[in-house]
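Asker: Each protein sequence line maps, in turn, to chains A and B.
Mapping of the first sequence onto our numbering: position 259 corresponds to residue 259, and the numbering continues sequentially without gaps.
Mapping of the second sequence onto our numbering: position 70 corresponds to residue 70, and the numbering continues sequentially without gaps.
Calculated from the structure, these hints are not laboratory results.
One or more of the hints may lead you astray.
Here are the in silico distance ranges between beta carbons for each label pair [as the list claims (entries may be wrong)]: (1) B:S13 with A:L312: 27 to 35 Å; (2) A:R334 with B:L113: 28 to 36 Å; (3) A:N41 with B:N106: 42 to 50 Å; (4) B:P119 with A:N152: 45 to 53 Å.
Non-contacting residues of chain A with respect to chain B, defined by C-beta distances greater than 10 Å in every case (computed) [as the list claims (entries may be wrong)]: (5) Q120; (6) G171; (7) M253; (8) R346.
Examples of chain B residues toward chain A, derived with CB under 10 Å [claimed, not checked]: (9) R18; (10) L36; (11) E47; (12) Q50; (13) S63; (14) A66; (15) E77; (16) E80; (17) A84; (18) E86; (19) D114; (20) L116; (21) C126.
In this text, a Cβ means the ideal position worked out from N, Cα and C, and glycines have one as well.
One letter stands for each residue in the lines below.
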Amino acid sequence: MNKTALHESHIELGAKMVNFSNWEMPINYTSLIEEHNAVRNAAGIFDVSHMAVFDFMGGDQIAFFEKIFANDIKKISQDNRAIYGALLNEKGGILDDLIIYHANSKFRLVSNCSTRKQNQDWYKKHAVEFGVEVIERSDMGILAIQGPDALNKILAISEIDHQVNNLQSFGCMFEGEKLFARTGYTGEDGLELIVPSSDIKNLWDKALELDCTPVGLGARDTLRLEAGLNLYGKDMTVNNHPYESNLGWTIDMNDENRQFIGKDALLSINQSKSKKIVGIILRDKGVLRAGYEITHGQGSGIVLSGSYSPTLQYSIGLARVDQGYQENGKVMIRNKELNIDFVSPRFLRRGKIRP
Amino acid sequence: MNDMPGDLKFLSSHEWARVESDGTVTIGLSDHAQDLLGDIVFVELPEVGQSIDAESDAAIVESVKAASDIYSPLSGEVIEINSALEDQPEIINSSPYEDGWFYKLNPSDMHELDNLLSPEDYSSVCED
Numbered sequence: 001m002n003k004t005a006l007h008e009s010h011i012e013l014g015a016k017m018v019n020f021s022n023w024e025m026p027i028n029y030t031s032l033i034e035e036h037n038a039v040r041n042a043a044g045i046f047d048v049s050h051m052a053v054f055d056f057m058g059g060d061q062i063a064f065f066e067k068i069f070a071n072d073i074k075k076i077s078q079d080n081r082a083i084y085g086a087l088l089n090e091k092g093g094i095l096d097d098l099i100i101y102h103a104n105s106k107f108r109l110v111s112n113c114s115t116r117k118q119n120q121d122w123y124k125k126h127a128v129e130f131g132v133e134v135i136e137r138s139d140m141g142i143l144a145i146q147g148p149d150a151l152n153k154i155l156a157i158s159e160i161d162h163q164v165n166n167l168q169s170f171g172c173m174f175e176g177e178k179l180f181a182r183t184g185y186t187g188e189d190g191l192e193l194i195v196p197s198s199d200i201k202n203l204w205d206k207a208l209e210l211d212c213t214p215v216g217l218g219a220r221d222t223l224r225l226e227a228g229l230n231l232y233g234k235d236m237t238v239n240n241h242p243y244e245s246n247l248g249w250t251i252d253m254n255d256e257n258r259q260f261i262g263k264d265a266l267l268s269i270n271q272s273k274s275k276k277i278v279g280i281i282l283r284d285k286g287v288l289r290a291g292y293e294i295t296h297g298q299g300s301g302i303v304l305s306g307s308y309s310p311t312l313q314y315s316i317g318l319a320r321v322d323q324g325y326q327e328n329g330k331v332m333i334r335n336k337e338l339n340i341d342f343v344s345p346r347f348l349r350r351g352k353i354r355p
Numbered sequence: 001m002n003d004m005p006g007d008l009k010f011l012s013s014h015e016w017a018r019v020e021s022d023g024t025v026t027i028g029l030s031d032h033a034q035d036l037l038g039d040i041v042f043v044e045l046p047e048v049g050q051s052i053d054a055e056s057d058a059a060i061v062e063s064v065k066a067a068s069d070i071y072s073p074l075s076g077e078v079i080e081i082n083s084a085l086e087d088q089p090e091i092i093n094s095s096p097y098e099d100g101w102f103y104k105l106n107p108s109d110m111h112e113l114d115n116l117l118s119p120e121d122y123s124s125v126c127e128d
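Given these sequences and hints, build the entire structure.
Answerer: Below, the structure written as structure tokens:
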């Protein structure tokens, strides 16, 4: 099984380790709820070095990304910007979701762990015609420091350039091989540090000394769910198109001349009839889980992600449902029909309960 | 960690049973299991008066991460449930062998106790 540069640190902290796509990763160190709350109320640090990092060399990289990426890379043609979007196949099916970072005239891409090999093959296949070289950076690790106090903690780490304080949301900057980006997967302010594995331990130890709480993948999942962020493999797979996955906003068709992979297939989809991903709140006691069946006046659906929300203190989920839903519906949990409300998937805004 | 009382008998699926002085049996979940599950946020208990067979599902416990069935170590009629768990399921995390009990049975066959594991044997199951 693969291990990150922090494997020993996790064990020393008493983490419960689990197999996550063939990486041995911490699911929680203490209480998942306490770790979750630390990110919402102060600052938490995550080792997400299992994610895949790619760099690109030479050739026409803009043209390459214009073809393989459904969002338009031209939006970050200025340096120091990052962009989120989907990698589609010719049928418009989602191969992965990812972030592309652009700084120092270089592109760096971070995508999911389970799709590493598929993506690498896909990039290499399509890079040839643009003369672009694809370099998987297995020598890189990723730390995420997230929460309302995250920036204050980060600025107290002398190894990190203070200019990170000037980065806007989805801004990024290189310092040598280190990439610092104001991105994350929690709905909180904070940074992701995509840095050589040899630098990871020192940064991790400094952050812990500053009372950043180590947070496992368990709380990472409840945090992203409260923020309404999709998880690839759970909320969307290659069998889903972006419009039924809440990713329509990442599909950029403004440049009529841009022919990205999957575009023709997307143009043939009737979006007004597509299923939608919607947020759901369980109004009765219990916990929503993936696979539970949903009904509403005009159709049906299925829970994709479900959990207990530590911030809201009731169960929430993401579901893919037929259009025509009103304010509420029903979910079947162990042969009992319980009440749900349909809401925006963004259960929290900037970590706060929406008014 | 919560010390494991010596008067308990276990199923390998982590439920414990304790025979009380009045002959009734109290059922709960082991410290090892609550630790594996993590923060418990929901419990569905059986109903008083319900008859339960040994090793059949009697309750459901859900942590943030997952739902798990709770199997009854013994057969019998449910005579009391721990309703405090319905509003404060986290008691199972903090006190698995005392305040976090699930239900009490009027056992129908005390010989079934012989099928259960001693604390020592249960501990070795957890180490595997």
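Asker: If you check the beta carbons of S13 (chain B) and L312 (chain A), does the distance land in 27 to 35 Å?
Answerer: Taking Cβ atoms as reference, S13 (chain B) and L312 (chain A) lie about 32 Å apart, which means the hint holds.
Asker: With 10 Å as the cut and Cβ atoms as the points, is E77 (chain B) at the interface with chain A?
Answerer: Because about 22 Å separates E77 (chain B) from the closest Cβ in chain A, which is outside the 10 Å limit, the hint is violated.
Asker: Using 10 Å as the Cβ threshold, decide whether Q50 (chain B) counts as touching chain A.
Answerer: Check failed: Cβ of Q50 (chain B) comes no nearer than 16 Å to chain A, outside 10 Å.
Asker: For the pair P119 (chain B) and N152 (chain A), does the Cβ-Cβ distance stay inside 45 to 53 Å?
Answerer: 48 Å, holds
Asker: Is the nearest Cβ of chain B still more than 10 Å from the Cβ of Q120 (chain A)?
Answerer: Label holds. Min Cβ-Cβ 31 Å, cutoff 10 Å.
Asker: For the hint on R18 (chain B), just tell me whether its beta-carbon gets within less than 10 Å of chain A.
Answerer: 27 Å, violated
Asker: Min Cβ distance, C126 (chain B) to chain A: is it shorter than 10 Å?
Answerer: 14 Å, violated
Asker: Holds or violated: is the Cβ of E47 (chain B) closer than 10 Å to a Cβ in chain A?
Answerer: Interface hint status for E47 (chain B): violated (14 Å vs cutoff 10 Å).
Asker: Using the C-beta atoms of N41 (chain A) and N106 (chain B), is the stated range 42 to 50 Å upheld?
Answerer: 47 Å, holds
Asker: Quick one, is the E86 (chain B) hint okay against chain A at 10 Å, beta carbons?
Answerer: Constraint on E86 (chain B) satisfied, holds at 8 Å.
Asker: Just double-check R346 (chain A) for me: nearest Cβ-Cβ distance to chain B has to come out over 10 Å.
Answerer: 20 Å, holds
Asker: Does L116 (chain B) hold up as a contact with chain A if the rule is Cβ-Cβ below 10 Å?
Answerer: Violated. Min distance 27 Å.
In the structure shown, a violation is registered for the earlier hints numbered 9, 11, 12, 15, 16, 17, 19, 20 and 21, in ascending order.
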